[in-house]
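Same order as they appear, the protein sequences are chains A and B. Just so we're aligned, residue 149 is where the first sequence starts under our numbering, counting upward by one. Just so we're aligned, residue 149 is where the second sequence starts under our numbering, counting upward by one.
Just so you know, these hints were derived from the structure itself, not from any lab. On a predicted model such as this, the values are computed, not experimentally measured, just so you know. Among these hints, one or two may not hold up.
The list treats identical chains as one, so a pair stands whether inside a single copy or across any two.
[Said to hold, decoys possible] As a list, the in silico SDA-like pairs of lysine to any residue whose alpha-carbon atoms are at most 25 Å apart: (1) Lys292 to Ile193; (2) Lys324 to Gly388; (3) Lys221 to Gly326; (4) Lys221 to Met355; (5) Lys324 to Tyr274; (6) Lys324 to Met355; (7) Lys286 to Thr160; (8) Lys324 to Ser238; (9) Lys301 to Asp365.
2 protein chains.
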Amino acid sequence: MRVKLVVAYDGTNYCGWQLQNNGVTVEEVLNKALSDLCGEPIEVIGASRTDSGVHAYGNVAVFDSNTRIPAEKISYALNQRLPEDVRVQSSEEVAPDFHPRHCNSRKTYEYRILNSSFEQPIGSRYVHFTYRQLDVEKMQEAAKYLLGEHDFKSFCSAGSQVKETVRTIYDLAVTKNGDYITIRVTGSGFLYNMVRIIAGTLMAIGMGEYPPENMKDIIEACERSAAGPTAPARGLALIGIEYEKSPI
Amino acid sequence: MRVKLVVAYDGTNYCGWQLQNNGVTVEEVLNKALSDLCGEPIEVIGASRTDSGVHAYGNVAVFDSNTRIPAEKISYALNQRLPEDVRVQSSEEVAPDFHPRHCNSRKTYEYRILNSSFEQPIGSRYVHFTYRQLDVEKMQEAAKYLLGEHDFKSFCSAGSQVKETVRTIYDLAVTKNGDYITIRVTGSGFLYNMVRIIAGTLMAIGMGEYPPENMKDIIEACERSAAGPTAPARGLALIGIEYEKSPI
């Protein structure tokens, strides 16, 4: 059977999702725990290959197994074998052809910023701190240009191999609650570092480095150098992924 | 001059506030950083001696110094000398006789609980997790008995040397937001482990171990064994302390 997992993690101590040689990744600890639990070698397929230090409330992974453990019980047994900064939130059987990256989906990310004179130690793993004052209204105005279907090449890190850089942003909200600013973005998919570059560009606009209307030119430039810096990983969290049709 | 600091910390890696021989405390790192900054030996007086693992958004400390640094600038210079899990939120000059424990004050604490099937790694340092279902309405009903002036001896850890165990609780709210339950309590002062014993007792009632009305008998018993268990430290945070009159 094919099983779908919803996975939450504190990314602070991981070199991101995807397997690699020079550090522990979330994919690696999942593969180990699942292979141990099911008694056969298991390799998960992840939906979103989050970067080093990025967090997730609801990343999605699937795997195939011959285990007799009922799919919905796997989450309980698996969590006992996982380190405490990774927790599966649910497990369910899905159709054998369900692929978490090849199905149409909407992904939601949040980028959180603390904008105050001093850092706040409580929760600092999940927030990017800046003492430079951000004008939220300017950030909101600039965000509007990003809505809809665009070529987001300006918001893709230079190292990426992706050829097709057109994506759709369905929703992008910048909200303020006390000293905390949250950028919440939902899209059809995101290029490498895209949310962090959007956050970095919105922050540059919030700091008054250039006016909100420049966002239009930045998109049209289709060049990474036109956009702002890549915001640090710790402020970013993958909230969840919704699939167009029910997975089974 | 006497300077008042508002201090925030993630208590996870500290053996509480108060100086001790077998571990690093918040008081210790403050004394070191202040002595270094002011060029004279400095010892702070803290308002609340929080336990090992307990967090604070706004604990209060005062110290006396001959430094020429203006009081309100000390926070900036001090934060550069502090570890990243301790951050001073403000510094100001106060009257030389202001003592953070001997002035009338209202302290507010929050105890946070995640009540769901699975733990959530993001923010787990600041939350107590239980999968046993809690009835929030029962907890709210039981909380009402604690309001006002009472002898809270049943809610004081046996190790405490305190003789006067009468305290006043001004406000005690149990609220639910998604899977998170927050117990927010404001009082004239709290006995050793009092908030954690209140939280543990409210949880026992929420789990149905005894009915809400038993809270009355628990208070009247004036005996630690009558109340529920001491809830774990990680869920507790000192929100802030308000003093009756302005400190200067």
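* **Within, between, both or neither, where Lys324 and Ser238 count as close if Cα-Cα is 25 Å or less** => Only across copies: Lys324 and Ser238 sit 22 Å apart there, 31 Å inside one copy, limit 25 Å.
* To do: Up to 25 Å between alpha-carbons, please classify Lys292 paired with Ile193: within, between, both or neither.
  => For Lys292 and Ile193, the Cα distance exceeds 25 Å both inside one copy (34 Å) and across copies (51 Å).
* Evaluate Lys301 and Asp365 at a C-alpha cut-off of 25 Å and name the case that applies: within, between, both or neither. => within (12 Å within a copy, 68 Å between copies)
* To do: First find the shortest C-alpha distance between Lys221 and Met355 inside one copy, then the shortest across copies, and answer within, between, both or neither for a cut-off of 25 Å.
  => between (49 Å within a copy, 24 Å between copies)
* Status of Tyr274 relative to Lys324 across identical chains (alpha carbons, at most 25 Å) -> both (16 Å within a copy, 22 Å between copies)
* Since the copies are identical, ignore which copy is meant and state whether Lys286 and Thr160 lie within 25 Å (CA to CA) inside a copy, between copies, both or neither. => neither (30 Å within a copy, 37 Å between copies)
* Asked: Should Lys324 paired with Met355 be assigned to within, between, both, or neither, using CA atoms and 25 Å as the limit?
  -> within (15 Å within a copy, 36 Å between copies)
* Intra- versus inter-copy proximity for Gly326 and Lys221 (alpha-carbon distance at most 25 Å) -> Answer is between; shortest inter-copy Cα gap is 23 Å, intra-copy 41 Å.
* Can you tell me if Lys324 and Gly388 fall within 25 Å by alpha carbon in one copy, between copies, both or neither? -> Both: 21 Å inside a chain and 22 Å across chains, each within 25 Å.
Hint violations for this structure: numbers 1, 7, all remaining hints satisfied.
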